[in-house]
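J.: Here is how the chains run, residue by residue.
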Amino acid sequence: MSYKVIVAGGGLIGTSIAYYLAKSGAEVTLIDSKDIASGTSGSCDRAIMIQSKKPGPTLDLAIKSAALYQDLEEELEVDLEYRKSGGMIIIETKEELKVIKDMVALQQKSGVDVRLISGDEARKRQPGLSEDLLASTWWEHDAEVNPLKVSFAMASAARRLGAVIKLGSPVRNLMTEKNRVIGVETSEEELYADAVVVAAGVWTPQLLKPLGVDVPIIPRQGQILVSERLPPLLRTGILSASYITNKLRKGASREAADPFGVGLAIGQTHSGSLLIGGSRQFVGYNTETNPEVTQKIGEVAVRAFPQLAKVRIIRTFTGLRPYTADAKPILGAVQGMDGIYIAAGHEGDGVALAPITGKIMAQIVCGEEPEKDMRAFSLSRFKQ
Amino acid sequence: MLSNSYRLDQTEQKTIEFYFNHEKLIGYDGEPIAASLLANGIKTIRTCEITGENRGIFCGIGHCYECRAEVDGVPNVRTCLTPNREGIEVFSSNPSLNKGELENES
Amino acid sequence: MKVDVAIIGAGPSGLTAAIEMIENGLTVAVIDEYYRPGGRLLGQHYEDPKAAPDQRVWNGKNIADQLEKKARGLGVHIFTNVTAWSVSEKWKIHLSHPKINMIVSKVLLLATGSAEKALPIPGWTLPGGISIGAAQTFTNLHRVAVGEKVLIAGIDPLSLSVMIEMKNAGIDVAGMVLPPISPASGNHHTPVQTVARLKDVAGLAPNSFIRTFGKYALAWFPRLIAHALRFNFLKVNGVPIHLRKSIVRIEGSEQVEAVILQSVSADGKPVGQAERMEVDAVCLSAGLYPLVDLAETTGCTLVDIPELGGVIPLHGPDMTTTINGLFVAGNITGIEGAKVAIAQGQLAAVSILKSLGKNGSITVQEAKMEMEKARIQSPLRFLPNIDEGRTKLNKLWEKEGVI
Numbered sequence: 001m002s003y004k005v006i007v008a009g010g011g012l013i014g015t016s017i018a019y020y021l022a023k024s025g026a027e028v029t030l031i032d033s034k035d036i037a038s039g040t041s042g043s044c045d046r047a048i049m050i051q052s053k054k055p056g057p058t059l060d061l062a063i064k065s066a067a068l069y070q071d072l073e074e075e076l077e078v079d080l081e082y083r084k085s086g087g088m089i090i091i092e093t094k095e096e097l098k099v100i101k102d103m104v105a106l107q108q109k110s111g112v113d114v115r116l117i118s119g120d121e122a123r124k125r126q127p128g129l130s131e132d133l134l135a136s137t138w139w140e141h142d143a144e145v146n147p148l149k150v151s152f153a154m155a156s157a158a159r160r161l162g163a164v165i166k167l168g169s170p171v172r173n174l175m176t177e178k179n180r181v182i183g184v185e186t187s188e189e190e191l192y193a194d195a196v197v198v199a200a201g202v203w204t205p206q207l208l209k210p211l212g213v214d215v216p217i218i219p220r221q222g223q224i225l226v227s228e229r230l231p232p233l234l235r236t237g238i239l240s241a242s243y244i245t246n247k248l249r250k251g252a253s254r255e256a257a258d259p260f261g262v263g264l265a266i267g268q269t270h271s272g273s274l275l276i277g278g279s280r281q282f283v284g285y286n287t288e289t290n291p292e293v294t295q296k297i298g299e300v301a302v303r304a305f306p307q308l309a310k311v312r313i314i315r316t317f318t319g320l321r322p323y324t325a326d327a328k329p330i331l332g333a334v335q336g337m338d339g340i341y342i343a344a345g346h347e348g349d350g351v352a353l354a355p356i357t358g359k360i361m362a363q364i365v366c367g368e369e370p371e372k373d374m375r376a377f378s379l380s381r382f383k384q
Numbered sequence: 001m002l003s004n005s006y007r008l009d010q011t012e013q014k015t016i017e018f019y020f021n022h023e024k025l026i027g028y029d030g031e032p033i034a035a036s037l038l039a040n041g042i043k044t045i046r047t048c049e050i051t052g053e054n055r056g057i058f059c060g061i062g063h064c065y066e067c068r069a070e071v072d073g074v075p076n077v078r079t080c081l082t083p084n085r086e087g088i089e090v091f092s093s094n095p096s097l098n099k100g101e102l103e104n105e106s
Numbered sequence: 001m002k003v004d005v006a007i008i009g010a011g012p013s014g015l016t017a018a019i020e021m022i023e024n025g026l027t028v029a030v031i032d033e034y035y036r037p038g039g040r041l042l043g044q045h046y047e048d049p050k051a052a053p054d055q056r057v058w059n060g061k062n063i064a065d066q067l068e069k070k071a072r073g074l075g076v077h078i079f080t081n082v083t084a085w086s087v088s089e090k091w092k093i094h095l096s097h098p099k100i101n102m103i104v105s106k107v108l109l110l111a112t113g114s115a116e117k118a119l120p121i122p123g124w125t126l127p128g129g130i131s132i133g134a135a136q137t138f139t140n141l142h143r144v145a146v147g148e149k150v151l152i153a154g155i156d157p158l159s160l161s162v163m164i165e166m167k168n169a170g171i172d173v174a175g176m177v178l179p180p181i182s183p184a185s186g187n188h189h190t191p192v193q194t195v196a197r198l199k200d201v202a203g204l205a206p207n208s209f210i211r212t213f214g215k216y217a218l219a220w221f222p223r224l225i226a227h228a229l230r231f232n233f234l235k236v237n238g239v240p241i242h243l244r245k246s247i248v249r250i251e252g253s254e255q256v257e258a259v260i261l262q263s264v265s266a267d268g269k270p271v272g273q274a275e276r277m278e279v280d281a282v283c284l285s286a287g288l289y290p291l292v293d294l295a296e297t298t299g300c301t302l303v304d305i306p307e308l309g310g311v312i313p314l315h316g317p318d319m320t321t322t323i324n325g326l327f328v329a330g331n332i333t334g335i336e337g338a339k340v341a342i343a344q345g346q347l348a349a350v351s352i353l354k355s356l357g358k359n360g361s362i363t364v365q366e367a368k369m370e371m372e373k374a375r376i377q378s379p380l381r382f383l384p385n386i387d388e389g390r391t392k393l394n395k396l397w398e399k400e401g402v403i
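Chains as they are written, first to last, in the UniProt record's numbering: chain A, 1 to 384; chain B, 1 to 106; chain C, 1 to 403.
Looking at chain A on its own, in the form it has when it is part of the complex:
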């Protein structure tokens, strides 16, 4: 009899895990309270930015993930709008330059050959960038993808491999017997399994709380503006250095200066709309947009690309990033409770890390040795 696994959560992470598990021969059931990519994965940007990752275990994972992305379209036989467009982190102030210089040095040490380039070179690589731009980083291996397409393609591929997908069925309870999880109870039925992987992003803590397991993931709201359709404008993925510094910022210490944590992250969809992010705010599970944030993001975008002043914004939306205090996801088994695994807390790295997360989680759940030491991502790291 084959190994039965339930994956709770149909976002980028959950669908990727379901796919790699099904590929390994497990009998997979993927469940989601709403739909594929209906939460965070459906309200994020499209960057597979490697150079923005914190040097260390996360960057190592991101590099492995990027390698998987290269072949994913062929493997899944779907156009994922994947494009290896390269990426830039644009630098506007001397303070930012200092921070980014240090980061680039660390990245080069980790084997990522990111370069620091002059403002002029940046403007040559990406016409339209402001004359005021001080400098930028450049890495040719950064890429972009459509996260909705990835989620749906992963889910379809899993289904082709025999996975069962149940949508619109919220998990009410994780069923346990002694110290072992034996399945889940949804709004409609009880599903039994040998293992349960919780990949529910910001909603993960609620699922595990009844078992006495504390998962320190906090929703961090991000707002994105959508522009009218434009001719191809962006040649490359672009983040602003302030986006990175906001991301690395912990807690409320610097929130007074910019309560909205606004920094630029800009991409262009295949239909021509710009996706212009973003903000970082701790506002609970609130997904309302805030016009002041909309305005701030607009200002930051126009500062980087003056010609955007003429462009209309047609709508704006928010998503909830699953934040953890050390900016690393939680990936692995839950100690003290057999049969249950967590794969959540990627904050803004979910797009970049989805393939490798699925692959490694499949290895862990199937009892194989994961291809990378995953201790840095264990839930138990927070107990120390």
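A hint or two may mislead.
[What the hints assert, rightly or not] In silico BS3-like links for lysine-lysine, alpha-carbon gap of 30 Å or less: (1) C:Lys106 - C:Lys368; (2) C:Lys61 - B:Lys14; (3) C:Lys106 - A:Lys296.
What the hints contain is simulated information worked out from the structure, not anything from laboratory work.
Assemble chains B and C onto chain A, guided by the hints.
T.: Using the frame of chain A, we list chains B and C on its own:
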């Protein structure tokens, strides 16, 4: 004074010259661009970006965005609520923010 | 910019409210997306049989011009061609203005009016397919013909008056027909139902056709239906009103060239062959709905009252909403005519004045009575069951709205 078959009457309003897709036309100063175009018998203002089908005025109050055009270099201007002025240039084509060719863009 | 009151919408209610408030000591800014103030007044031009003999002609544009002139003269800040794209905390109004991107006010009055419902039939996006409201504006305000030979789809009070207006302007109106009768549009457009709805314009209406109908309607309504339906069409001002034909689709390669019409039975079943009629413009009339987008961003309670035209902000008889400092007036409160909108603007203004500890030119009670009077005197009723809708609204307000 304008004599155009689509004008319902003659008035003493100030006339202006403007351009639609390089063609010189006459309209009244301050009337919406869409009204000047219609007065010149022009119903097709743009084509749909997806299907290529012709589009023109629909709601007339800025709500439907069907009558948009590039006006003096600004894309997607709603011509039904933008007053016409001497010498302005209106284009139905999609404007190009970035006039340069893209290397890898399909 | 800081003002006491920000008003979104420079139509009849917004401008009237602005004048009343500035005359009584408040500072006021009015924001409108259109290039000139006036709102739906700008397109209106008809005869009002209920008015005093010297006020029979309702020239909306002149009234709009007078209101604008007065408001500006008194120092109201009027922003046109500016979109208020969101409002936040009491009250920051976010504008798409090159210089002033925010107005801060103590009170917000939403007078955003209404937009037209779509009538999506095959071919409706072809140039020459135009909404009835746009046809009205181009005919009466811009004085440009929407086509050389025009068909109107949708037979209702608004489309009937626009037909007369176009006809008076010398445009060849080839006829009026019913919208498509299909499961999608529900069963509301059968000939019998259309005529039933027209009964309510009876006697109130601005033109001879509806007045003729009205005479029938008041006394012998069942006979009217029989009459209108037995004859396949009636002619008004020389324009055939096809009460038993519905539009199927619009045809044309580059723009509108023809329409396909289908005869139907009294209950809306197709009868006989479809026919083709060559026209170069089609005006589509499906009714108006209140524009509540901005209201939604304030977080006020919205209620769906079909008798009033759809979703509206829950509001009390004095135009207050469920949010302190947020008031409404005009078509956002339900689809009615300009006279009602003007009276509602006045009422909202005196309510606002009262809430800020000031007196208006009349009391709130008097303004309420003026509004009732305007409702009775309105020449045109857009929705047949508006009174029922208002009663429903008042009940909801008593139950949930009072804060």
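J.: Hint by hint, work out which the structure violates, then give me just those numbers in ascending order.
T.: Violated hints: none; all satisfied.
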